[in-house]
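Residues per chain are reported as follows:
There are 2 protein chains.
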Amino acid sequence: MRIDIPYAAELLKTHDRIEILCHKGPDGDTLGCGYALCRVLQNMGKQAKITVDDVIPASFDYMNDNIEAQDFETAYVVAVDIASFDLIGSPAHREKYRDRVDLCIDHHASNTDYAKYTLLESDHDAAAAAETLLLVFYEMGVEIDSSVAECIYTALSTDTGCFRYSNTTSRTLRMAADMVDKDIPFELINKRMFETRTKTYNTLETLVLSTLSTHFDGLCAVITITQDMYKQSGSDESESHPLKGIPRQVEGVLVGVTLKEDADGTYRASVRTNSPVDACRICAHFGGGGHKRASGCNVPGGTMAEAKQNILDVIRTELEAL
Amino acid sequence: MRIDIPYAAELLKTHDRIEILCHKGPDGDTLGCGYALCRVLQNMGKQAKITVDDVIPASFDYMNDNIEAQDFETAYVVAVDIASFDLIGSPAHREKYRDRVDLCIDHHASNTDYAKYTLLESDHDAAAAAETLLLVFYEMGVEIDSSVAECIYTALSTDTGCFRYSNTTSRTLRMAADMVDKDIPFELINKRMFETRTKTYNTLETLVLSTLSTHFDGLCAVITITQDMYKQSGSDESESHPLKGIPRQVEGVLVGVTLKEDADGTYRASVRTNSPVDACRICAHFGGGGHKRASGCNVPGGTMAEAKQNILDVIRTELEAL
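So the sequence lines, in the order shown, correspond to chains C and W. Here the working numbering is used: the first residue of the first sequence is 965, the next is one more, and so on. Here the working numbering is used: the first residue of the second sequence is 965, the next is one more, and so on.
Just so you know, the hints here were simulated from the structure itself, not pulled from any lab data. Any given hint could turn out to be false.
Put simply, identical chains are the same to the list, so a pair is met inside one copy or across any two.
With a Cα cut of at most 20 Å, we get these calculated PhoX-like pairs of lysine-lysine [stated by the list, open to error]:
#1 Lys1155 - Lys1256
#2 Lys1060 - Lys988
#3 Lys1163 - Lys1013
#4 Lys1195 - Lys1256
#5 Lys1060 - Lys1208
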């Protein structure tokens, strides 16, 4: 059932022993929401904990600094920034939480309503789930301390490419201003999120840039990342994140694709588009999804070349339909 | 003489036939201020024009779209974002404007008071001169139309690395929100300023990344750009701008240096630092200057290796003094 902000605030005030779920492949928004909510609930004297069925990149560690590790039997389950149930984690994890999610706070129009109650603003496209969560905090009347502000800022900044992308609104900027007023080290957060280059990252970037190819009169650009490149550069998948932004940055490109070989030999695409191309439509073709300008999917193929051809075929159709 | 915002507003309201000067090596702040002020004055029915004694990068063209080209005899000269008189342009240009600058609107603490009246906020570190200029506009009670908003947004965004750097304040973010509310294509502006990668840029970046060296236990990173690299990649100096951000992004680095060979065979350094290193102090050693975290200077040396050694010697001293 879809609910509004006051209803969500009331649910959080009423319940205790709350377990917060973040999505797999955790990013700044799901983790920022998770840690912010956990901190707020603990500040209220409630028991709260976070569950992430995946590796949390070390760069997000600082958000955990002011969270108390609490062990208790869960009475209420809240999912943050999780559009569909399968994003919760592994099959075993899904089995454990099936039909057990009480409340979901999200900003994906594609949300599948797997939770008992779902809060998704109907009158505003929130750039990050953290925008909606912050409105819930304001409604609850809780104090936004600097730890909470750090988490909310991280979510806002990472989901908008540091306020660059078209999903940013003046509300996003004003919320960021409110967080900056809490005296948070936002420049260090942005440095961590967007700017830190390790030597291994530099080597990986050089390898990956050499794979850049353009298609359909330059309307589409593709880069590919293989397991072998991680080995050659001494890096790993966690360092590949900033590369995803590159293909769409190529001049004249409407569809930017980053095709990654996973450790199990399957291929995963990150698709970023410029107006008017819908990334979500492209990925939906392979059972994936996300946002209009940034989506993801698994791509079938026995080799990288096959996977690339398969997604290019879908992109050709989308571009021809423009 | 230093003046306050109401005084500057009064001067602009009183005078007509106004010529606006931007600094050489024009960036988003000086041009954003210049075009915004020109548009505001023309909207008021005044005669106004912009003078830049340098090539204006084509990426800034959109700011000129709503400016009327007006030819008239100058009665009042306003400099925007120009810290010292020599930044106005060539020796001939300097001769023409010597002792002729009536008003300077700036945000560099190092401003040399070369103008008759200088507006520089004493109680707030403005991230961009455009912040102070916007306050002057608010004081004047003029309408901020979307053309003006585009220019102010460009200045705010470019001077803060899209709201990433430590010079950003909550006021910067709120001003950006006010501009976004004027329905400007901010995502296209940011794309143009930060994200467009040409094929020649990609090649240049690959060449330049291969020169990355670290010094003093990794506290300093240097990249070098030669005229030959422009030739090899088919690029030119105007494409080198985004590279300047790279050295400071290397993990653990406090001083990032980009050393460029100019067409005349001299060497110019762009120095960016992390707290607590003062970039302005390093560059002042060679007669340059700028801001605490981003400064520039010419570096003596007959070869790139000599120039690099010369600036590294100064940086060693600065790091040892920490």
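Worksheet item: If you check each hint against the structure, which ones fail?
Response: 3, 4, 5
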